[in-house]
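A.B. asks: What follows is the residue order along each chain.
There are 2 protein chains.
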Amino acid sequence: METCSYLNSFFLADFIHLPNRFRKHAILKKISLQDISESLGISKSTISSVLNGRGDEKRVSKETQEKIISFAKEHNYKPNLLARGLSRGKSDMIGLVVPNISDIFFARIARRIEEYAEQSGYNVVFSSTGESKERESQLIQSMLDRQVDGLIIASCQKNDKDILRLKNRNFPFVLIDRHYPEINTHYVGIDNVGGVASAVEQLIHTGRKRIALVTLSIGLEPIRERSVSYQKTLRKHGIQFDKDLIHALDYQSMETDMQDVIKALIVGPNKVEGIVFATHFLTAYGLREIKKLPVSVPEDVALVSLGQMSAFDLMEPPVTSVALPSSEIGDKAVDILLRNMLDTNLEYEKISLKTELVVRRSCGNMN
Amino acid sequence: METCSYLNSFFLADFIHLPNRFRKHAILKKISLQDISESLGISKSTISSVLNGRGDEKRVSKETQEKIISFAKEHNYKPNLLARGLSRGKSDMIGLVVPNISDIFFARIARRIEEYAEQSGYNVVFSSTGESKERESQLIQSMLDRQVDGLIIASCQKNDKDILRLKNRNFPFVLIDRHYPEINTHYVGIDNVGGVASAVEQLIHTGRKRIALVTLSIGLEPIRERSVSYQKTLRKHGIQFDKDLIHALDYQSMETDMQDVIKALIVGPNKVEGIVFATHFLTAYGLREIKKLPVSVPEDVALVSLGQMSAFDLMEPPVTSVALPSSEIGDKAVDILLRNMLDTNLEYEKISLKTELVVRRSCGNMN
DNA sequence: TTGAAAGCGGTACCAA
DNA sequence: TTGGTACCGCTTTCAA
Numbered sequence: 584m585e586t587c588s589y590l591n592s593f594f595l596a597d598f599i600h601l602p603n604r605f606r607k608h609a610i611l612k613k614i615s616l617q618d619i620s621e622s623l624g625i626s627k628s629t630i631s632s633v634l635n636g637r638g639d640e641k642r643v644s645k646e647t648q649e650k651i652i653s654f655a656k657e658h659n660y661k662p663n664l665l666a667r668g669l670s671r672g673k674s675d676m677i678g679l680v681v682p683n684i685s686d687i688f689f690a691r692i693a694r695r696i697e698e699y700a701e702q703s704g705y706n707v708v709f710s711s712t713g714e715s716k717e718r719e720s721q722l723i724q725s726m727l728d729r730q731v732d733g734l735i736i737a738s739c740q741k742n743d744k745d746i747l748r749l750k751n752r753n754f755p756f757v758l759i760d761r762h763y764p765e766i767n768t769h770y771v772g773i774d775n776v777g778g779v780a781s782a783v784e785q786l787i788h789t790g791r792k793r794i795a796l797v798t799l800s801i802g803l804e805p806i807r808e809r810s811v812s813y814q815k816t817l818r819k820h821g822i823q824f825d826k827d828l829i830h831a832l833d834y835q836s837m838e839t840d841m842q843d844v845i846k847a848l849i850v851g852p853n854k855v856e857g858i859v860f861a862t863h864f865l866t867a868y869g870l871r872e873i874k875k876l877p878v879s880v881p882e883d884v885a886l887v888s889l890g891q892m893s894a895f896d897l898m899e900p901p902v903t904s905v906a907l908p909s910s911e912i913g914d915k916a917v918d919i920l921l922r923n924m925l926d927t928n929l930e931y932e933k934i935s936l937k938t939e940l941v942v943r944r945s946c947g948n949m950n
Numbered sequence: 584m585e586t587c588s589y590l591n592s593f594f595l596a597d598f599i600h601l602p603n604r605f606r607k608h609a610i611l612k613k614i615s616l617q618d619i620s621e622s623l624g625i626s627k628s629t630i631s632s633v634l635n636g637r638g639d640e641k642r643v644s645k646e647t648q649e650k651i652i653s654f655a656k657e658h659n660y661k662p663n664l665l666a667r668g669l670s671r672g673k674s675d676m677i678g679l680v681v682p683n684i685s686d687i688f689f690a691r692i693a694r695r696i697e698e699y700a701e702q703s704g705y706n707v708v709f710s711s712t713g714e715s716k717e718r719e720s721q722l723i724q725s726m727l728d729r730q731v732d733g734l735i736i737a738s739c740q741k742n743d744k745d746i747l748r749l750k751n752r753n754f755p756f757v758l759i760d761r762h763y764p765e766i767n768t769h770y771v772g773i774d775n776v777g778g779v780a781s782a783v784e785q786l787i788h789t790g791r792k793r794i795a796l797v798t799l800s801i802g803l804e805p806i807r808e809r810s811v812s813y814q815k816t817l818r819k820h821g822i823q824f825d826k827d828l829i830h831a832l833d834y835q836s837m838e839t840d841m842q843d844v845i846k847a848l849i850v851g852p853n854k855v856e857g858i859v860f861a862t863h864f865l866t867a868y869g870l871r872e873i874k875k876l877p878v879s880v881p882e883d884v885a886l887v888s889l890g891q892m893s894a895f896d897l898m899e900p901p902v903t904s905v906a907l908p909s910s911e912i913g914d915k916a917v918d919i920l921l922r923n924m925l926d927t928n929l930e931y932e933k934i935s936l937k938t939e940l941v942v943r944r945s946c947g948n949m950n
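Chains G and S are the protein sequences, given in the same order.
Taking our numbering, I'd label the letters of the first sequence as residues 584 to 950.
Taking our numbering, I'd label the letters of the second sequence as residues 584 to 950.
Any given hint could be a false lead.
Same chains, same names: a pair is fine if it fits in one copy or spans any two.
Below, simulated EDC-like cross-link-like pairs (lysine to aspartate or glutamate); rule was C-alpha separation at most 20 Å, straight line [as the list claims (entries may be wrong)]: (1) Lys-741 with Glu-657; (2) Lys-673 with Asp-728; (3) Lys-874 with Glu-899; (4) Lys-933 with Asp-918; (5) Lys-716 with Glu-882; (6) Lys-826 with Glu-804; (7) Lys-661 with Asp-728.
Don't read these hints as lab results, they were simulated from the structure.
Work out the full structure, taking the sequences as your base and the hints as a guide.
C.D. replies: Right, here's the structure in full:
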């Protein structure tokens, strides 16, 4: 096979002139094992072994190995991962399915997953479901079609069908943040019960008794746990639980609904002394409405957020929050997934990561 | 071929009993075109055509089509995308390379890219470079090995080698946020010059003359543009430019370096009346330090941020910012990329998206 | 109207 | 020590 005279030129080094019979539309083409084989007169199998570091194991002579490796380097040979994947039956990709990749909570998780996975040679494909069951289902399917080797899913929790299917297939996957209590799977989440308890207790310790919970009406296990923990914690401290103090907003309209909720909680006869927001974005929307009213925080009403934003300390007032270990979720999820991919029958692991209360002025002492 | 009696059962519908000669480790296996072919006694090629919607075009009889389609549906046939990709020479994946996927700016872009790309049948693989040239290079290569059909890159801008290579290969890609002035490529960015001008002018209009710029020392074109625009705008308004008022922080140590910078700008003989921060995170770090000092914003010093965070309106004081159209960047980038993938010789498009000044109290009137 | 067969670019088993 | 070859699952061309 003839090589073109540009071979040493930088930009063309990874292309090669192919014999006529191989030419299609382009004259220059990325080189393949086949090409190396023909150029060197060595079989594809030997080349494949050597290039995959199994030259010694296969007892290929030093000389041959040298020849192959230097040729490959010189022509900048790069294996086609689709072909390898097809052949090996694994793609070296993992899929990440979350409600919204631009939510800082999931973005942080994604960052860690990607970083960690990359170290083990995996790339990650991601998709946002927008909390829609249908999209989640489609997206999971599309990742499976792509032959991902494993999945990390923050499910909308209305999709037990797919989750069960994955489980029954013994497909490696890890649920994060939300799990299906009735389905036994790998799961990495946070300690919602402890988190909310610390939030409520912080309010109690600073003298509040009438404490509201602003949460979502969406059917998510973490949300439910937060609600339950809120009630339990109140009771534990001898505070009578009043169900009118729980406001569950619709995910789609929470931003606009927030106004009425906040008004109801802050002005009028039934006003409260403290509010726990069930998520970081609820806190932001809530605070935005509170600032429109003639009340002061924390004197008139104290706030605690479950989940943090990077700027809570810069707000007025600085917002007390229960910090969720997002990066750690990513770490653990990948850790389990990698093991699950090696051992399809890995015993189910369920991890609940501790939260951390970060006290700031929004729940400081009452005047 | 015999089919197992579980065929209608939900969880097994997408598996099939294979003849002995096909059995490997598992008895149940996803079905392939081959399997359908053998079961139905119809050739793979016909089945492939029909399942890809080219049945009529190929003049396959209604009857046959019907048979194929219903069999496929019943057994939940899903094409193996690796195989299809290998065969078609395209993977239907696009790669996204950004400095940090958990930075809200890029996370928002990513969300849009993913959503839009998905509509056109593409999945997206992402990676964060941490502004490292080496990692960027590796990651791009790894995406190419994966055979992505196109790339969207927010480059660290020290990687002209790879960018040139992509360009010379005629590989479809679009740069976002950062471009290489000396390399003609597709590019979607923002109007940094106009953005900074509006920031500086806002400060000037509210009575400030001594205005500082806190920026990064990193060699990024947008950063450079911001710096230049800052100087030009001052001159344009007859304000003498003082180079000591530009503080360029190191990307790695900006958080800790910020303290000295802020002190220098706010206390002492050379104090300024206004500060422009070149990025949203610099603003956050800066404000954090300012709050430690006995000065009030905007009376003693006014602030404007280039780039927004979702909670700037909740801060104390609410932060005036120049909002960057992150979602739109994603939109445009995908738009161009899709066209570039169809037409490899698409004329280079360079888009500069307008910013929007959002005035808040941090640069309100001086007392 | 349908099918055979040659790829796509690797991997891996088994023979030489 | 090395190579032949079947195969991974799908697409596509061309012949029947």
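A.B. asks: Next step is simple, just say for each hint if it's right about the structure.
C.D. replies: Going through the hints against the structure:
1. Lys-741 with Glu-657: neither (53 Å within a copy, 24 Å between copies)
2. Lys-673 with Asp-728: The answer is both: 12 Å in one copy and 15 Å across copies each meet 20 Å.
3. Lys-874 with Glu-899: Close inside one copy (9 Å) and across copies (11 Å); limit 20 Å.
4. Lys-933 with Asp-918: within (12 Å within a copy, 42 Å between copies)
5. Lys-716 with Glu-882: Neither, since 42 Å and 51 Å both go past 20 Å.
6. Lys-826 with Glu-804: Answer is within: at 19 Å inside a copy they meet the 20 Å cutoff, but 56 Å across does not.
7. Lys-661 with Asp-728: between (24 Å within a copy, 7 Å between copies)
Hints 1, 5 from the list above are not met by this structure, while the remaining hints are.
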